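Trainee: Spelled out, the chains give:
Number of protein chains: 2
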Amino acid sequence: MSRILVLLLLLTLGSFNSVKAQQVKQKDSLMIRSIYDMALLQGKSYEWLEYLSNEIGGRLSGSLEAERAVKYTEAELKALGLDKVWLQPVMVPKWTRGTKEYAYIETAPGISTTTNICALGGSVPTPAIGLKAEVIEVQGLDDLERYGREAIEGKIVFYNRPMQADLINTFEAYGGCVDQRYAGAMEAAKYGAVGIVVRSMNLRQDDYPHTGSMSYGDTPANQRIPACAISTNGADYLSSALKIKPDLKFYFKQNCKTYDDVQSYNVIGEITGSTYPDKYMVVGGHLDSWDLGDGSHDDGAGCVQSMEVLRLFKKLNYQPKHSIRVVLFMNEENGLRGGNKYAEEAKLKNEQHVFALESDAGGFTPRGFSFDMDQANMEQVASWKPLFKPYLIHYFEMGGSGADIGPLKEKGMVLAGLRPDSQRYFDHHHAENDTFDAVNKRELELGGAAMASLIYLFDTYGTKTEMTPVKN
Amino acid sequence: MSRILVLLLLLTLGSFNSVKAQQVKQKDSLMIRSIYDMALLQGKSYEWLEYLSNEIGGRLSGSLEAERAVKYTEAELKALGLDKVWLQPVMVPKWTRGTKEYAYIETAPGISTTTNICALGGSVPTPAIGLKAEVIEVQGLDDLERYGREAIEGKIVFYNRPMQADLINTFEAYGGCVDQRYAGAMEAAKYGAVGIVVRSMNLRQDDYPHTGSMSYGDTPANQRIPACAISTNGADYLSSALKIKPDLKFYFKQNCKTYDDVQSYNVIGEITGSTYPDKYMVVGGHLDSWDLGDGSHDDGAGCVQSMEVLRLFKKLNYQPKHSIRVVLFMNEENGLRGGNKYAEEAKLKNEQHVFALESDAGGFTPRGFSFDMDQANMEQVASWKPLFKPYLIHYFEMGGSGADIGPLKEKGMVLAGLRPDSQRYFDHHHAENDTFDAVNKRELELGGAAMASLIYLFDTYGTKTEMTPVKN
Chain A
1 MSRILVLLLL
11 LTLGSFNSVK
21 AQQVKQKDSL
31 MIRSIYDMAL
41 LQGKSYEWLE
51 YLSNEIGGRL
61 SGSLEAERAV
71 KYTEAELKAL
81 GLDKVWLQPV
91 MVPKWTRGTK
101 EYAYIETAPG
111 ISTTTNICAL
121 GGSVPTPAIG
131 LKAEVIEVQG
141 LDDLERYGRE
151 AIEGKIVFYN
161 RPMQADLINT
171 FEAYGGCVDQ
181 RYAGAMEAAK
191 YGAVGIVVRS
201 MNLRQDDYPH
211 TGSMSYGDTP
221 ANQRIPACAI
231 STNGADYLSS
241 ALKIKPDLKF
251 YFKQNCKTYD
261 DVQSYNVIGE
271 ITGSTYPDKY
281 MVVGGHLDSW
291 DLGDGSHDDG
301 AGCVQSMEVL
311 RLFKKLNYQP
321 KHSIRVVLFM
331 NEENGLRGGN
341 KYAEEAKLKN
351 EQHVFALESD
361 AGGFTPRGFS
371 FDMDQANMEQ
381 VASWKPLFKP
391 YLIHYFEMGG
401 SGADIGPLKE
411 KGMVLAGLRP
421 DSQRYFDHHH
431 AENDTFDAVN
441 KRELELGGAA
451 MASLIYLFDT
461 YGTKTEMTPV
471 KN
Chain B
1001 MSRILVLLLL
1011 LTLGSFNSVK
1021 AQQVKQKDSL
1031 MIRSIYDMAL
1041 LQGKSYEWLE
1051 YLSNEIGGRL
1061 SGSLEAERAV
1071 KYTEAELKAL
1081 GLDKVWLQPV
1091 MVPKWTRGTK
1101 EYAYIETAPG
1111 ISTTTNICAL
1121 GGSVPTPAIG
1131 LKAEVIEVQG
1141 LDDLERYGRE
1151 AIEGKIVFYN
1161 RPMQADLINT
1171 FEAYGGCVDQ
1181 RYAGAMEAAK
1191 YGAVGIVVRS
1201 MNLRQDDYPH
1211 TGSMSYGDTP
1221 ANQRIPACAI
1231 STNGADYLSS
1241 ALKIKPDLKF
1251 YFKQNCKTYD
1261 DVQSYNVIGE
1271 ITGSTYPDKY
1281 MVVGGHLDSW
1291 DLGDGSHDDG
1301 AGCVQSMEVL
1311 RLFKKLNYQP
1321 KHSIRVVLFM
1331 NEENGLRGGN
1341 KYAEEAKLKN
1351 EQHVFALESD
1361 AGGFTPRGFS
1371 FDMDQANMEQ
1381 VASWKPLFKP
1391 YLIHYFEMGG
1401 SGADIGPLKE
1411 KGMVLAGLRP
1421 DSQRYFDHHH
1431 AENDTFDAVN
1441 KRELELGGAA
1451 MASLIYLFDT
1461 YGTKTEMTPV
1471 KN
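Note that the protein sequences, when read in sequence, are chains A and B.
Throughout the first sequence, residue numbering follows the numbering used here, covering 1 to 472 in sequence.
Throughout the second sequence, residue numbering follows the numbering used here, covering 1001 to 1472 in sequence.
Don't take each hint at face value.
Unchecked claim - What the simulated footprint calls covered on chain B by chain A, stretch by stretch (three residues with Cβ under 8 Å from a Cβ of chain A suffice, anywhere in the stretch; the number is not a length):
no.	region
1	1037-1045
2	1383-1395
3	1417-1428
Stated by the list, open to error - Dumping the calculated EDC-like pairs for lysine to aspartate or glutamate here, alpha-carbon to alpha-carbon at most 20 Å:
no.	chain 1	residue 1	chain 2	residue 2
4	B	K1044	A	D206
5	B	K1389	A	D166
6	B	K1044	A	D166
7	A	K389	B	E1172
Treat the hints as calculated values from the structure; they're not laboratory data.
As the structure is a prediction and not an experimental result, all values here were calculated from the model.
The beta-carbon is built from N, C-alpha and C at its ideal position, and this holds for glycine as well.
The following block holds chain A by itself, in its conformation from the complex (with noise of 0.2 Å):
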């Protein structure tokens, strides 16, 4: 064959290749513009939240609206007509607030101020007196060590470094201070001080106290000290205070008890897969919250979207090649049990998993997502850009996933994590302030568009990694 022959016949199937690639890629946009129009113009997703929400509320776990949250879940994946619906059977600690919590500054016998306080879940409570003692504030767990016993004991630790307001990524500032609240009464405790006070995960100044986990580590239960959280303006106001009247003291009570754990259940829904039944695609997010609000972006948000991704498919008569399921899990707030329970279970019984995709960063308007995986996953997942840009998608980085999921993490694995906008998000993280009405309609559904359109494409094309030639 001369040379111009096989260059013809190259160029031709070139151009054939091409046809095809971009017939693929037509299909593709097609079914996204499917995905969202379904989505933005029948969506449930905010109506099963407005139940979650504002019929069941707040859903710690081990709690009765926990427990009625998985009952309506279950009921509503059933209606979807899914191919499996169960519940996965887990325990979970249970930690109750009691009645609210009561704080007070005093700068003088009998003159006092009250602040906004909640108690650290997991927290021991304070004396049913409440506590009583000065106050030494600090910037962060180093500071212990500088300040050393003799400063801090018998006192109460005021944790108050804030939220770093120049990071762009709000999640970064809450990493750069959530120590504080994780570990605070630990390391105070090994210095003498007798409770401690957290300045509020908040970027926002106001007076909602924001809750959160904490740990004791190995403290032995007889030196476990009570820990709450204070609202912004409380922590500038007591900042404030100290300044003027260093003797000052603080008065809290809190009446939070730990209980035996009790059972409790991650809720599934399965579209089993035409192609590869056995190869397991995970949506989800956490259905317990934290119970100051209703947990409506946390993780509410997440929940009713991974709902809608199934949805939506069946909806659109969407047959995926993998097994896709929504899990709900629970317990992710204070103890992740449900996230270690399901991959736990899917180890045991050798359910291979590809990919999985939780939202646990608030129901606003989504940017894209973070990925935790390999290299040749990522160049995929960057070809399909021009796909999400329409819908104003851009954000695909490295980076984290959710810590439901992360348990799930194998080699080869595909693990991703929806990012929203986050700047609003820590107002409402936590805080009684987490309601509904902080739910926009349209942010949610975007969300859970985006979601099933990245599903959709791993479905379709597969994970790099599967190793098994996907068909189209």
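Assemble the complex: chain A is given as a structure, and chain B must be docked to it using the hints.
Mentor: Then chain B, alone, in the frame of chain A:
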């Protein structure tokens, strides 16, 4: 010289240039980081907005509030130590709402349901006793011809085409139905309608009616019919009531009035350029607002962000090469007199404007900018994308800029508009709930920082069409 020597020389020069380019880029990157740090840690825009919103309130052209806003922002700009601050006189229309509107749907004599309405801006009042008539529901202006005079005469035309929820950019959805509000009354009058009710331009279901500008065109004064907006919930209620009871009656009473034009002002501040004092770059928003809310998003946000750009430059000791002007335009909402006046005077004085940026799409998380300019400038902007990536500013597309800067447009000029996330904008637009609490401090500040960064880059490198080499 041998070819190898030439090659080596070229490579050396190339790497020298690339080192230089690297240094320039690093300088820009550091400057932008400083802009963001200053905006997020020591920003002033939120404080200004608090005053405009809560101390002054809605700033309808010709109102006392608008004049107070002129005086306040003039004083605040003076306090920044700019090179010049002045007021540019402009005559503006004066329309007042009068006492609150009242409306009900009467399904049978004596059986009625009140519903929330507001007069459209510029509407004539109803008779003092109100107006009651049967209703004909239409989906848009085109329907008028289809139904014809026989069906319309003596009735109130109810325009009920909703914003399209499947459009990702909500401004596009707005553009797709605002003709009903703007031209609905003048068109319906041609068919003998006695009044119009327009579904609010709002993607959310709620009870707020949204006002906005309308025109009677050249309809003679005695043929002008009153026009109001009804909330989205009200519109749905009215529509379903009409299905059951097509001869129901709608009653409304509104007390608005148009006065003679009154004196007002654009507020202008300038940092005079060091290298090109006679070339102007404008950044602005509009100081007037509708009267129902306090105009926090529309467009208090754009005003304080624009003021913040100049404040950031002063605080960072950045001496711009071009003269940078902040212009707070008066009367964007119902006349555009301020924008027209500024452009007119610029032309009279032969001031060369090379760049203008408007922020008038709400104080939400900025996503990027849309541009009205030539391809050479677009390529320059594209080369800056990496500088914006750390701040999650990703949208750089051709498109509109801003209503107030539109009249400045000249060949070769760069016009730009800040493009914040648009999902919640129309929840608040022109309604009672466009209030300060709906603005998040960080989101507002991120917008101002993005604007300052873009202006810094255009000031440093010049627009591609200035035709004058800009020194570095």
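Trainee: Against the structure, test the hints numbered earlier, and report the numbers of the ones violated in rising order.
Mentor: Checked against the structure, no hint fails, so every one of them is satisfied.
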